[in-house]
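S.K.: Letter by letter, the chains look like this.
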Amino acid sequence: MAFVNFGKKEINFKIVYYGPPLCGKTTNLEYLHASMPDHLKGQMTMLSTREDRTLYFDFLSLKSDAIKGFISRFQLYTVPGQPVYDQTRRIVLTGADGIVFVADSQWDQMENNVSSFKNLQENLNTHKRSLNDTPYVLQFNKRDLPNVAPSHYMDFLLNQGETRAEYFDVVAISGEGVYESLNLICRIVMAQFIEANKM
Amino acid sequence: MTRGIVTEQQSKALNDMLADLEVQTEANAVYLTDQGGNILACASSAGDDTIQTVAALAAGSFAATRQLASMIGEPSFTSVFHKGERANIYIQCLDEDYLLLVIFGRAATLGLVKLYTDNTCRELLPIFRQMREQGMQSGGVNGKFEFSDDSKAFTRNA
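Respectively, the protein sequence lines represent chains H and V.
In this text, residue positions in the first sequence follow the numbering used here: the first is 63, and each later residue adds one.
In this text, residue positions in the second sequence follow the numbering used here: the first is 127, and each later residue adds one.
It should be emphasised that the hints constitute simulated quantities derived from the structure, not laboratory data.
Some clues are possibly wrong.
[As the list claims (entries may be wrong)] Straight line, CA to CA, 20 angstroms or less: simulated PhoX-like cross-link-like pairs of lysine-lysine:
id: 1; chain 1: H; residue 1: 130; chain 2: H; residue 2: 190
id: 2; chain 1: H; residue 1: 180; chain 2: H; residue 2: 130
id: 3; chain 1: V; residue 1: 270; chain 2: H; residue 2: 130
id: 4; chain 1: H; residue 1: 70; chain 2: V; residue 2: 138
id: 5; chain 1: V; residue 1: 240; chain 2: V; residue 2: 209
id: 6; chain 1: H; residue 1: 103; chain 2: V; residue 2: 240
id: 7; chain 1: H; residue 1: 130; chain 2: H; residue 2: 71
id: 8; chain 1: H; residue 1: 103; chain 2: H; residue 2: 125
id: 9; chain 1: H; residue 1: 70; chain 2: H; residue 2: 130
id: 10; chain 1: H; residue 1: 180; chain 2: H; residue 2: 190
id: 11; chain 1: H; residue 1: 70; chain 2: H; residue 2: 103
id: 12; chain 1: V; residue 1: 270; chain 2: H; residue 2: 70
id: 13; chain 1: V; residue 1: 278; chain 2: H; residue 2: 130
id: 14; chain 1: V; residue 1: 270; chain 2: H; residue 2: 260
id: 15; chain 1: H; residue 1: 71; chain 2: V; residue 2: 138
id: 16; chain 1: H; residue 1: 260; chain 2: H; residue 2: 103
id: 17; chain 1: H; residue 1: 71; chain 2: H; residue 2: 103
id: 18; chain 1: H; residue 1: 260; chain 2: H; residue 2: 71
id: 19; chain 1: V; residue 1: 240; chain 2: H; residue 2: 71
id: 20; chain 1: V; residue 1: 278; chain 2: H; residue 2: 125
Sequences and hints are given; from them, build the entire structure.
M.R.: Next comes the structure, spelled out in structure tokens:
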């Protein structure tokens, strides 16, 4: 949940990238880190195994002046996708202001996408939250590969909640759709914050 | 929803307390964060980038420790100590929601750091109480926020 420090004129927001194993969560952060102007980004921290699989989380802090008179600081986290790290995913989800769900577009990954999406809902429930009260967007990643499911099919498969989320066709490795989805989730999260703190 | 609010006055008081603790313990740096790694105050000469990352990692490390505690039937661990060759980190959990980190070298001992940290913790409690009350007021911070003209939060390097 947003954290406001009037002394530093800063508002902190937490965005979590969630999704099945090897869907491209870390690649999203790597692309952002590589392409973001230096004065807006911090160093990227990855807590990985020797095989470069996320063990705990990846972390990237970004600054924006999107709210007048304040620095909006977006703390981006990824969760480890492997089923065995469920406890870790729950920890990383704590206090999330917004979620980017990264789905793998390859046909043979549909079951993993659905299972990870269900796991996200279950883990939000452990924090007494749900996707109805947590802003999120969907990324259909790896659109450059040959064996991908149509976007409208993935939308049908994953976007059946009470509030339908925006989805983006993404190629995280080349950056297609990465900024678009980040900007939208940041915008929704900030709008919600501004609305909640209106006089 | 807003998780926490620090007013300008509280920010100054917190920074002063941390600066005192830094001197008393001869620490390299002192941070006060919430359990999510948000920085309330800090006394450190490190760059902003390093401060953010240290806070996020410490909060993550403490969260993992909390899970470990529950696995062995403890409600929680209240402190963690990482010992290094030249630098050490002592993390103390405060009032359930906050973490006080002291990074210190060979100049101080763990006992001394614990002693002064405990004193600072007691001084911090009334401020935490105030912050909690602020957070419980509906909305918390009234009507002071609006979007700047640029609708995009982030754009790529040209």
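S.K.: For residue 130(H) and residue 71(H), compute the direct alpha-carbon distance and say whether it is at most 20 angstroms.
M.R.: holds, 10 angstroms
S.K.: Is it true that the CA of residue 103(H) sits at most 20 angstroms from the CA of residue 240(V)?
M.R.: violated, 34 angstroms
S.K.: Under the criterion that the straight-line Cα-Cα distance not exceed 20 angstroms, is the pair residue 240(V), residue 71(H) satisfied?
M.R.: violated, 31 angstroms
S.K.: So if I understand the rule, the pair passes when the alpha-carbon distance is 20 angstroms or less; does residue 270(V) with residue 130(H) pass?
M.R.: Roughly 9 angstroms between the alpha carbons, so the hint for residue 270(V) and residue 130(H) holds.
S.K.: Next pair to validate is residue 103(H) with residue 125(H); report whether the Cα-Cα distance is within 20 angstroms.
M.R.: holds, 6 angstroms
S.K.: Please work out if residue 70(H) and residue 138(V) have their alpha carbons no farther apart than 20 angstroms.
M.R.: holds, 10 angstroms
S.K.: Quick one, are residue 270(V) and residue 260(H) close enough, alpha carbons at most 20 angstroms?
M.R.: Given that 20 angstroms is the threshold and the Cα spacing comes to 7 angstroms, the pair holds.
S.K.: Holds or violated: residue 260(H) and residue 71(H), Cα atoms, limit 20 angstroms.
M.R.: holds, 18 angstroms
S.K.: With a cut-off of 20 angstroms on the C-alpha distance, tell me whether residue 180(H) and residue 190(H) pass.
M.R.: holds, 15 angstroms
S.K.: Hey, residue 278(V) versus residue 130(H), does the alpha-carbon distance stay inside 20 angstroms?
M.R.: Within the cut-off at roughly 13 angstroms; holds.
S.K.: Can you confirm whether the C-alpha distance between residue 71(H) and residue 138(V) stays at or below 20 angstroms?
M.R.: holds, 13 angstroms
S.K.: Holds or violated: residue 260(H) and residue 103(H), Cα atoms, limit 20 angstroms.
M.R.: violated, 29 angstroms
The structure shown violates the earlier hints numbered 1, 2, 6, 16, 19.
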